[in-house]
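Using this note's numbering, the letters of the sequence shown map in sequence onto residues 1 to 402.
Because the hints were derived from the structure by calculation, they are not lab data. Note that CB positions come from ideal geometry on N, CA and C, so glycine has one too. Keep in mind that the hints are not guaranteed to be accurate.
As the list claims (entries may be wrong) - Think about it this way: if two alpha-carbon atoms lie no more than 20 Å apart in a straight line, the pair counts; the simulated EDC-like pairs of lysine to aspartate or glutamate are:
| # | residue 1 | residue 2 |
| --- | --- | --- |
| 1 | K78 | D30 |
| 2 | K249 | D16 |
| 3 | K97 | D272 |
| 4 | K375 | E316 |
Claimed, not checked - Distance ranges between label pairs, derived from CB positions:
| # | residue 1 | residue 2 | range |
| --- | --- | --- | --- |
| 5 | S236 | Y160 | 41 to 49 Å |
| 6 | Q170 | L107 | 18 to 26 Å |
| 7 | H200 | S267 | 24 to 32 Å |
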Amino acid sequence: MTVYVLETNADGSGLDILKPGKLKKILVTDDLSSYSLDPWYACIDKTNVIDFDTFYKGVSHNHWPHGQPTCVISNSDKHILEAVALSEHLRLPSPDKEIFCLYMSKLQLRINSILIGLPVPYFAQCNTVEALLWASEMLTFPVVIKPAFKGDSIAATICYDSEDVMVVAQAAFSGKEPQCLLVEEFISGPSYTAELLIDHAGEISLLGFTNHERNLLGEFLTLAYTFPVSVEKKYSAQLLEYVSRLHAKETSLLLNVEFIIDLKTDSVVVMDINPRVGEGMLSRMISENLGVNIFDIFIDVWMQKKPTLPLLRNAEVMSHFFLFTEKVGHFEFDQSRLEMNGLSSIYHQQQYVADADAVLKNNYVLFPLISLLIKCPSSQLAHDIKSFLISYLRSRFFFKEK
Numbered sequence: 001m002t003v004y005v006l007e008t009n010a011d012g013s014g015l016d017i018l019k020p021g022k023l024k025k026i027l028v029t030d031d032l033s034s035y036s037l038d039p040w041y042a043c044i045d046k047t048n049v050i051d052f053d054t055f056y057k058g059v060s061h062n063h064w065p066h067g068q069p070t071c072v073i074s075n076s077d078k079h080i081l082e083a084v085a086l087s088e089h090l091r092l093p094s095p096d097k098e099i100f101c102l103y104m105s106k107l108q109l110r111i112n113s114i115l116i117g118l119p120v121p122y123f124a125q126c127n128t129v130e131a132l133l134w135a136s137e138m139l140t141f142p143v144v145i146k147p148a149f150k151g152d153s154i155a156a157t158i159c160y161d162s163e164d165v166m167v168v169a170q171a172a173f174s175g176k177e178p179q180c181l182l183v184e185e186f187i188s189g190p191s192y193t194a195e196l197l198i199d200h201a202g203e204i205s206l207l208g209f210t211n212h213e214r215n216l217l218g219e220f221l222t223l224a225y226t227f228p229v230s231v232e233k234k235y236s237a238q239l240l241e242y243v244s245r246l247h248a249k250e251t252s253l254l255l256n257v258e259f260i261i262d263l264k265t266d267s268v269v270v271m272d273i274n275p276r277v278g279e280g281m282l283s284r285m286i287s288e289n290l291g292v293n294i295f296d297i298f299i300d301v302w303m304q305k306k307p308t309l310p311l312l313r314n315a316e317v318m319s320h321f322f323l324f325t326e327k328v329g330h331f332e333f334d335q336s337r338l339e340m341n342g343l344s345s346i347y348h349q350q351q352y353v354a355d356a357d358a359v360l361k362n363n364y365v366l367f368p369l370i371s372l373l374i375k376c377p378s379s380q381l382a383h384d385i386k387s388f389l390i391s392y393l394r395s396r397f398f399f400k401e402k
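Generate coordinates for the entire structure from the input sequences, incorporating the hints supplied.
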């Protein structure tokens, strides 16, 4: 009973999918080092890691040294459709391919939403620089530009004028591969994701909401996110109705739904639907709350089994946030001061820049210096502790000017 995992997340996280469970799990990757910042990296049994060439040989010759596959799965936008197709080829259980194609295409998601009367932001599809500039001006600034299909190389970016649009256009259309971009109106309001589980009968189970604090300069970067948080019942009801109407197939799925509460219309606007577990530290935060590994639930749902959800949950809240550079110079940080401060709420910390490393400031793409995952009794306390830690850390960063 072996699960073959075609990568985890595009951002080099999600290795907790490999944590021991009832099934043996094999990671398929050509670059294990890309996961070096994942907290679970040091715990990997490298005998349970194979490259794609070895995996494809297994598919072609039905030769599986690690065991016959009972499931081929992925949590990476780049490989998730391939995992569905291979599951179909190997006659293994998996979600419906058609519904996956819908969710993996931002363009098709918006078209289908319009056809059944669901709200979407105003948008245009663009394949050239000229079309991108024209559409951006027609929608009025600011606008958001993003790839039409998940897994593309251009990140979602907010643009305030035509110069910003040209920066994105040059990056998108300079390569040999054709690009299809969406430009859409900027929706002002708080940003959330919802973790949803849908069964064959269309019944939706809400696992929880995550709020996201985002950078609104250049690329959309998440500065901090907290799980679980509360959302007003009227917004929760709107979201569940939206997903229920859109999800017409009799197939089980675990969904990560990105939405904004539009302050102008006082309503939910769904921006994206990911048929997978959320990226970054979110999988660990959800697992901590549920008391079980969210990826074990993901695997059960992928195999079209009904997972057993825990009746009791951990009451504590987790928040993951980053400190970004605001200066140019060489980075120095006294780690012992943070540890000596008695901040018992810190669950995990990761320093991205080594002492004495040169640090550059870039107004277009921010670079994190350090990330912290904290755990505490309430979302309000998590917010207060996060604000304190950011202030505390900033006062103890030292930059030697170049």
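Right, here's what the structure says about each hint:
{"no.": "1", "hint": "K78 <-> D30", "in the structure": "13 Å, holds"}
{"no.": "2", "hint": "K249 <-> D16", "in the structure": "29 Å, violated"}
{"no.": "3", "hint": "K97 <-> D272", "in the structure": "18 Å, holds"}
{"no.": "4", "hint": "K375 <-> E316", "in the structure": "7 Å, holds"}
{"no.": "5", "hint": "S236 <-> Y160: 41 to 49 Å", "in the structure": "32 Å, violated"}
{"no.": "6", "hint": "Q170 <-> L107: 18 to 26 Å", "in the structure": "22 Å, holds"}
{"no.": "7", "hint": "H200 <-> S267: 24 to 32 Å", "in the structure": "29 Å, holds"}
Checked against the numbered hints above, the structure violates hints 2, 5; every other hint is satisfied.
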